[in-house]
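Based on the provided sequences and hints, a complete structural model is requested.
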Amino acid sequence: MSNLKGVAQRELAQVLNLWKLNYRTRFTGTRIGRTWVVLSPMLQMGVYIFAFGFVFAGSGADPLEHVLWLICGYGPWQAISEGIMSAANSLVANKAILKNFNVRSHYFPIAASMMGLPSICVVLVFSAVLLAATGRGVSFYILWLLLAVPLPFLLIMGIGLCVSAVVVFVRDMVQVLSVLLMTTMFFTPILYYPERLPALLQPLVMLNPFYQIVQIYRCSLYYQKNADLLGMLILLVWICLFWLMGLRLFRKLRGSFESAL
Amino acid sequence: MYIECKGLSKRYFASPIEYLKLGRQEGSCADFWALKDISFRIEEGERVGIIGRNGAGKSTLLNILSGYSHATEGELAVTGKVTPVMEIGSSINQEETGRENIRTAGRLSGIQENQLAERVQEVIDFVDLGEYIDQPMKIYSSGMIAKVSFACVLFTMPEILVIDEVLGVGDAAFKAKSEAKTRELCEKGKILLMVSHSMATIRKYTDRCIWLDKGRIRMDGSSAKVTEAFELSVKKEQESQLLTQMEKAIENSIFGEQVRINQLQVLQEDGTFGAEIHIHQAIRVKAEIQSEASLGQVDLQISCYSLRGYLLFASSYHKSTGQWLVLEPGRTAMLETRIEDCNFNTGTYQISLMICQKDTPFAKRAALFRVVNDQYYNYLDCPQVYYHNHAKLKKLHREENV
Numbered sequence: 001m002s003n004l005k006g007v008a009q010r011e012l013a014q015v016l017n018l019w020k021l022n023y024r025t026r027f028t029g030t031r032i033g034r035t036w037v038v039l040s041p042m043l044q045m046g047v048y049i050f051a052f053g054f055v056f057a058g059s060g061a062d063p064l065e066h067v068l069w070l071i072c073g074y075g076p077w078q079a080i081s082e083g084i085m086s087a088a089n090s091l092v093a094n095k096a097i098l099k100n101f102n103v104r105s106h107y108f109p110i111a112a113s114m115m116g117l118p119s120i121c122v123v124l125v126f127s128a129v130l131l132a133a134t135g136r137g138v139s140f141y142i143l144w145l146l147l148a149v150p151l152p153f154l155l156i157m158g159i160g161l162c163v164s165a166v167v168v169f170v171r172d173m174v175q176v177l178s179v180l181l182m183t184t185m186f187f188t189p190i191l192y193y194p195e196r197l198p199a200l201l202q203p204l205v206m207l208n209p210f211y212q213i214v215q216i217y218r219c220s221l222y223y224q225k226n227a228d229l230l231g232m233l234i235l236l237v238w239i240c241l242f243w244l245m246g247l248r249l250f251r252k253l254r255g256s257f258e259s260a261l
Numbered sequence: 001m002y003i004e005c006k007g008l009s010k011r012y013f014a015s016p017i018e019y020l021k022l023g024r025q026e027g028s029c030a031d032f033w034a035l036k037d038i039s040f041r042i043e044e045g046e047r048v049g050i051i052g053r054n055g056a057g058k059s060t061l062l063n064i065l066s067g068y069s070h071a072t073e074g075e076l077a078v079t080g081k082v083t084p085v086m087e088i089g090s091s092i093n094q095e096e097t098g099r100e101n102i103r104t105a106g107r108l109s110g111i112q113e114n115q116l117a118e119r120v121q122e123v124i125d126f127v128d129l130g131e132y133i134d135q136p137m138k139i140y141s142s143g144m145i146a147k148v149s150f151a152c153v154l155f156t157m158p159e160i161l162v163i164d165e166v167l168g169v170g171d172a173a174f175k176a177k178s179e180a181k182t183r184e185l186c187e188k189g190k191i192l193l194m195v196s197h198s199m200a201t202i203r204k205y206t207d208r209c210i211w212l213d214k215g216r217i218r219m220d221g222s223s224a225k226v227t228e229a230f231e232l233s234v235k236k237e238q239e240s241q242l243l244t245q246m247e248k249a250i251e252n253s254i255f256g257e258q259v260r261i262n263q264l265q266v267l268q269e270d271g272t273f274g275a276e277i278h279i280h281q282a283i284r285v286k287a288e289i290q291s292e293a294s295l296g297q298v299d300l301q302i303s304c305y306s307l308r309g310y311l312l313f314a315s316s317y318h319k320s321t322g323q324w325l326v327l328e329p330g331r332t333a334m335l336e337t338r339i340e341d342c343n344f345n346t347g348t349y350q351i352s353l354m355i356c357q358k359d360t361p362f363a364k365r366a367a368l369f370r371v372v373n374d375q376y377y378n379y380l381d382c383p384q385v386y387y388h389n390h391a392k393l394k395k396l397h398r399e400e401n402v
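So the sequence lines, in the order shown, correspond to chains G and R. With the first letter of the first sequence counted as 1, position 136 gets the number 136 in this note's numbering; the numbers rise by one all the way through. With the first letter of the second sequence counted as 1, position 239 gets the number 239 in this note's numbering; the numbers rise by one all the way through.
Using 25 Å as the maximum straight-line C-alpha spacing, the simulated DSS-like pairs for lysine-lysine come out as follows:
{"no.": "1", "chain 1": "R", "residue 1": "Lys36", "chain 2": "G", "residue 2": "Lys252"}
{"no.": "2", "chain 1": "R", "residue 1": "Lys138", "chain 2": "G", "residue 2": "Lys95"}
{"no.": "3", "chain 1": "R", "residue 1": "Lys358", "chain 2": "R", "residue 2": "Lys319"}
{"no.": "4", "chain 1": "G", "residue 1": "Lys20", "chain 2": "R", "residue 2": "Lys138"}
{"no.": "5", "chain 1": "G", "residue 1": "Lys95", "chain 2": "R", "residue 2": "Lys81"}
{"no.": "6", "chain 1": "R", "residue 1": "Lys81", "chain 2": "G", "residue 2": "Lys5"}
Here chain R is said to cover these stretches of chain G; the calculated rule only asks that three of the stretch's residues, wherever they fall, bring their Cβ under 8 Å from a Cβ of chain R:
{"no.": "7", "region": "10-18"}
{"no.": "8", "region": "24-35"}
{"no.": "9", "region": "93-102"}
{"no.": "10", "region": "253-260"}
Hint data in this document are derived by calculation from the structure and do not stem from the laboratory. No residue lacks a Cβ here, since even glycine has one placed at the ideal position from N, Cα and C.
Here it is, written out as C-alpha cells:
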C-alpha cells in the first residue's frame, strides 16, 4: 500500500514538474519572467471585461455587478481555452523531453491542461474584491467552488488527451481548434445572457458543457444559489465521455507518436 | 533486472488515417515493417550493442525499449528504470543556465527534491564548466552542451541506459570521464544498450552485439564476432557495387581504331583460364593485338588497379626491355606477359593494357581477375608486403682514455 502511495506521489510530482516546466519554457527569456503567469490572464480578462462590461454593456445594470457576472463567465472560459490549446500542442512542443526522458506521454496533455489555473486564481481574487465592493459578501453557496474549480480541468484533460494525440499526426488541428474555440465562445452565453441566443438554440445550450461550468461559477459567486443538478449531471457525462474517448484514442495512437514527432 | 523481447514487430502505417484503424489485421501495401519477429533477452550487467545498416530498425528498437514507441506485435518485458539518451542537447532550454537545465533534467528523471541539490552539484563538478555553469546555455559551445546533457543522464543513476549514437561526447578528457562513468554503471549491474555505426565504439563499450538487418536479427553474439561479420558483409556489398561500376567502366574504356586489342585474358600459371588465382601464383596476361595501319614504334603499358581504383603497379614494355614494339599493319600479334608471385589479397582486380606512342594512346582494353588469399591475414585491397630484416650484431669498441 505504501509502495503504491510512493508511486502515486512520484507520478503526481512528475505531472507537477511538467506543469511548472511549461510555464518556465513559456516565459523564459522575458524581462519580468514568471510575473506573466498572473499578468497575462489579468490583462486579457481586463480587455474583455472593459469591452463587454463597459463599451458594449446595457445601461440598466450596476457596472460592478455586471463585471462580476462577466468575470465568472470569461475567467473559466479563459482557463478552458488556454488549457485546451496548450494540451493540443503539448506533445509536439515537448517531443525532445518525450524522447530523452522516461516520462509517460499522457502526462504532457494532462499537465498542459492545467495551464489555465492562474486564470481561475485571477477570477477568484477579482471576484473576492468585487463581492466586497458590491456589498454582496460571501454566502454558503461559495462551497460550490469546490466543484467549480476542479471540474473544468477534468473536462480539459479529457479533451486534451483527444486533441494532443491527433495533433501529433494532423498539425492543422491546432489551427482548426483555435477557430472552433472562438466559435464556441461566441455561441456559449459567456459574455451575454442566454436569453439573447436565438430561441432555436436556447434548449441546446443546456447540453453545452462549457456553459454548465460557467453556470456553476455564476451560481456560487454571482447568483448565490445552488447549481443546477441536471446541468451538473450533463457536465459529468461530458467529462466521462471525453475521458473515455481521450484515453482510448491516446492509447491507440501513442505507440506511433515517434514516427510523426 | 532484465529486458526480454518475444516476437517483437513494429509496423509503420502509410497514412495518419491508418493509425486510427487499429485492431485490423490486414495492412495496406504501403505499410512498412521496421521490425519483424525480434526475440532476445538481456540480463543484468550486460552491455549490448545494436548494429545494422541505415533503416535496419536499430533506433526503432531502442525507441520501443525506452517506451517512446510501442510494438505492433509481440511481447516486451522490461524490469528496471529505462533512461534513454536519444538526442543529446535537444531537450536543453538555451535561455536557462546550465545549472537550471541540470536541475530540470534531474526533476524530469524523477530525482526527489531532497536529493536534487546534491545530485545537481555532482553533475556540476563532473562537467567542470567553471563559471559558465551559471550562464545561459545559449552562449555554450556545442561541446559544452553535449557535456551537460550527457552528464545529466549519467547522474540520474539509470538502471537501463539506452544510448543512440551519442556516447563519447565532448573533449578527450571528458570522453575518458564519461567512459569511466559508463563502465562504473555497468559494473554495478546496470544494463547498457547502445546503437552505433562505429564498430570500434561497439567493441569498446559492449561485450554483446545484436546485428539487425531489414528489421530482423541477423546475428547475436560476442561484439568482436558480430562486428567482424558485419564489417565483412558491408565490405562484400561494397565490393559487389564497385565490381558493377568497374565492369561498366571497363566496357566504356575500350577504344582503338588504327590498332585494336581484340582480346585480353588473365590466365593461371599453367595457362588455363580459371575463375580465381591463388596468392603467390604467377599470372599470365595474354593479349591479341590487331593493327590496321603502320604506326611505327609503339609502347605497351600494363597497369593493375584495385577495385577501389588504387594503382597497384604499372609497367611498360619499353621501360623493362629498352626496346619499342613495331606492329605490322594487317597482322595480328599475340602478346603474353607474366607477373611473378602475385601477392594480392582476396579481391577483384583490374588489369589494363594500353598501346601508346609517346603520350598518345591508340588502344586500350581492360580485364578483371580475382585473387584468393587463403594463407595469411586478409585485408581488402592491401597487397601482402614482406620485409626481410637482417640484424647483425656488431661489437662496439670504446676507446678509453687512460
